[in-house]
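Asker: Using the sequences and the hints given, assemble the complete structure.
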Amino acid sequence: MGFGDLELLTLQQYWWFIVSLLGGLFVFIMFVQGGQTLIDTLSENETEKTMLINSIGRKWELGFTTLVLFGGALFAAFPLFYSTSFGGAYWVWLAILFCFIIQAVSYEYRTKPNNFLGQKIYESFLKINGSLGVFLLGVAISTFFSGAEFHLNDNNFVLWDNSLRGLEALANPYNYLLGFALVFLTKISGALYFLNNIDYQPIRERAVSSIKFNMPIFLIFFVGFTAWLLLKDGYAVDSNSVVVLEHHKYLNNFLEMPVVLGMFIVGVAMVVIAVFVAVVYGFTCCIRTAGVGTVVTVTAILLNVGYNNTAYYPSLTDLQSSLTIMNSSGSHYTLMAMSYASLMVPFVLAYIAYAWYSMDRVKITKEEIEAPDAHNY
Amino acid sequence: MEEHLVDWSRAQFALTAIYHFLFVPLTLGLGFIVAIMETIYVKTGSQEWKKITQFWMTLFAINFAIGVATGLIMEFEFGTNWANYSWFVGDIFGAPLAVEGILAFFMESTFFAVMFFGWNKVGKKFHLLSTWLVAIGSNLSALWILVANGWMQYPVGMTFNPDTVRNEMTNFWDVLFSPVAISKFLHTIGSGYVIAALFVVGISAYYLLKKREVSIAKKSMIVGATFGLITSLFLTLSGDESAHQVAQHQPIKLAAMEGLYEGRTEAGIVAVGMLNPKKTLTNEAEPYLFELEAPYALSLLGYHDIDAFVPGLNDLVYGNKERGIMSVEEKMARGKIAVTALEDYKEAKKANNEQKAFEAKQILDQDMKYFGYGHIKAPEDVVPPIGLTFYAFHIMVSLGGWFLVLFSVLLYLSTKKDISRYTLILKSAVLSIPLGYIAAEAGWIVAEVGRQPWAIQDLMPVNIAATQIATTNIQISFWMFAFLFTLLLVAEIKIMLKQIKIGPNGGH
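Chains as they are written, first to last, in my numbering: chain A, 1 to 377; chain B, 1 to 508.
Note that these hints are calculated values from the structure, not bench results. We put the beta carbon where it would ideally sit given N, CA and C, even for glycine. It is possible that some hints are incorrect.
What follows is a list of derived Cβ distance ranges for each label pair [as the list claims (entries may be wrong)]:
hint, chain 1, residue 1, chain 2, residue 2, range
1, A, V259, B, N353, 43 to 51 Å
2, B, K501, A, I121, 21 to 29 Å
3, B, V405, A, R361, 45 to 53 Å
Answerer: Structure representation (structure tokens):
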């Protein structure tokens with residue numbers, strides 16, 4: 001049996017799972033962004049700062065690529081979301097893109113001679129990308145739960161009902177919960193990554209201190225987000241494809257999908273345990289556990305909002321314009337063709353893991369950074 | 001939809017595309033040149049070849065980052081600026097983009113880190129493989145985006161679904177192996193290879209003129225000139241096929257490329273000429289102020305037949321019964337029937353009137369190929385800007401010819417003579433670096449301006465494709481992008497020039 005034999009709904013669920021997994025991977029890879037916000041906190045001189053920047057700088061393209069693939073997969077699998085959200089919430093997405101453009105060049109240009117803007121500016125770009133970029137992404141994702149102001153005409157063309165074009169999401173304080181939770185989560189995973197990737201005791205000690213500082217703040221925002229999610233009304237789709245408000249919809253989704261709930265609990269537990277072990281016992285390899293935990297948690301949250309007859313992009317101004325994985329997806333043929341392409345993903349992950357392993361087998365040291373023939377960021 | 005909004009959306013997309021294509025071509029070609037150099041290093045074990053490889057690799061990296069950044073913007077601009085279009089074609093266009101992400105981008109980004117930071121961490125052969133994979137990954141990513149672009153020029157492999165109001169893919173292979181997509185891919189990557197070769201020979205020539213890094217420059221020159229000569233020939237062949245495809249599927253673009261108002265057999269190409277600005281479709285003024293024509297060349301280029309009839313703008317706009325060419329007015333009438341049939345279909349569906357819906361669908365299917373013409377206001381609106389298309393085409397072709405000559409001479413001199421004595425040729429090589437970029441941008445102008453007013457040929461004009469948003473938003477973001485891209489371009493040029501000045505022996 002091939003993908004072509006699967007029902008449209010099954011393919012839609014398969015692709016929502018892929019998109020959710022990509023979302024999870026993207027949040028994990030944002031340890032690069034979190035690390036960028038720590039470069040001043042964890043360093044005391046230029047060499048130490050260069051060690052930090054080189055540690056995460058060798059991974060920045062992966063984050064970029066995952067973002068591109070996340071966008072591409074949404075475009076292919078759920079084109080109505082792509083056109084509605086990007087075309088509608090114009091300013092939020094442009095702001096996020098701006099935060100990412102400035103990251104791309106900063107690593108390569110920062111220490112190059114005659115770099116026009118100066119080293120400090122490129123380092124500021126990295127901090128803006130790591131804080132504002134991540135925060136805005138969190139806010140944008142939070143609108144999956146809080147909704148957005150749009151309606152669709154009968155050609156399925158989007159008409160946005162708020163002139164702030166997406167920035168109105170900042171007026172909803174609940175959206176800040178996920179935004180800040182992501183900012184502090186990425187800081188923690190950035191520090192865990194440094195612990196593992198840099199063989200230099202002073203940086204490791206400062207990384208542990210930063211985790212101790214950031215973890216409680218992360219927990220406050222994450223628990224706040226989880227409580228809001230579980231207690232709020234959600235957007236359900238009834239048997240006639242009519243979107244209705246349902247009391248405690250997201251809590252119900254977890255209860256009705258125990259595997260997803262299990263993923264969520266296990267994922268959160270892995271992050272908490274990884275942090276505990278790193279801080280208390282001084283283990284340096286906890287980024288792996290925390291990383292898997294992050295991927296699993298975020299995937300579970302996104303599965304919750306997409307599965308079980310839920311509108312994953314609710315419209316606040318016209319409930320029936322809300323997007324579900326059923327009404328916003330590509331055709332059966334496209335999803336089938338894309339599904340065959342997705343079989344490449346394990347191979348891609350395998351070579352990424354191999355290349356990553358080969359490169360990180362030898363940890364970054366002060367000597368490597370100071371070597372005269374080093375290609376440094 | 002507001003006309004200003006569409007113009008600003010087009011301007012913003014053009015701005016991003018132009019900047020993006022200032023950086024991408026060098027990545028496409030230099031990746032392979034660096035891989036060839038590293039292969040020589042691994043084969044010979046020569047430390048000088050390692051130094052050569054690392055020098056060009058550094059320049060590759062400086063350029064790579066902005067290409068990636070502007071590429072990200074382009075991907076999301078399909079949604080932000082052209083939301084209606086995104087929905088209309090997302091089922092087809094999204095698939096190549098996603099495959100690009102899975103197959104190409106990850107390869108490029110994973111092995112990029114190994115290529116730059118793995119010299120002392122992985123084995124020689126794995127490092128060499130990584131360098132080749134970065135080059136292959138870059139080119140694969142160009143494949144998929146150009147497949148998508150090719151589809152917009154010649155939409156195939158899909159059917160229109162009135163229930164979802166969009167085109168839906170029915171044959172992935174038709175989309176992937178469309179002749180337009182293939183020729184677009186080959187011609188575009190070819191231009192990237194030539195730009196990279198010009199970059200290498202130009203900088204090598206600079207060192208030779210300055211009498212610096214002589215040995216490294218001579219070796220680089222041989223690699224660059226050989227690569228350039230082979231790829232220039234390839235570019236000429238793919239350009240020929242590209243023009244042939246344009247003649248088959250976008251004849252009005254071909255007519256604009258040549259400023260051809262009246263169709264004729266045994267048509268020539270204007271080798272050198274200037275358009276008459278007073279000429280319009282309807283007046284009798286001469287099309288050119290002066291022209292020097294290469295006889296038969298247009299018939300040959302477009303149809304591979306020196307006697308072939310090449311339709312002119314008037315034939316294509318007002319029709320030519322003798323040649324069986326339908327007028328735009330008739331296409332507009334049939335397009336309007338299709339648009340009305342779609343509305344009727346939707347109404348019938350809402351009213352659960354299946355019989356009426358069936359009839360409307362039949363009418364729609366009959367005239368669907370003219371659907372986009374239903375939104376055109378006047379027949380003349382389907383003519384792209386003639387001046388821009390004409391001059392861009394001729395600049396591209398002329399420069400392509402120059403590059404072929406230049407690489408031939410450079411290769412001959414660098415292998416048979418002492419090239420450092422030929423200062424005029426060396427200066428020409430240095431000055432040709434920007435010419436490569438001009439030729440590539442001109443090529444894009446031909447391809448993209450030449451297909452206006454269509455976002456998707458015959459199916460969707462740009463005024464329907466744009467996001468419905470207040471023009472001020474696009475104006476603000478246009479200037480923000482213009483400022484940021486310019487800032488980054490200045491930074492790249494300054495860093496690049498400094499790095500070149502430092503040279504292979506002083507930089508990293």
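Asker: It remains to establish, for every hint, whether it holds in the given structure.
Answerer: Each hint, compared with the structure:
Between A:V259 and B:N353, the C-beta spacing of about 44 Å keeps the proposed range 43 to 51 Å intact. Hint check: B:K501 to A:I121, Cβ distance near 22 Å, so the stated range 21 to 29 Å holds. At roughly 50 Å, the beta carbons of B:V405 and A:R361 sit within the given window of 45 to 53 Å.
Violated hints for the displayed structure: none, as all numbered hints are satisfied.
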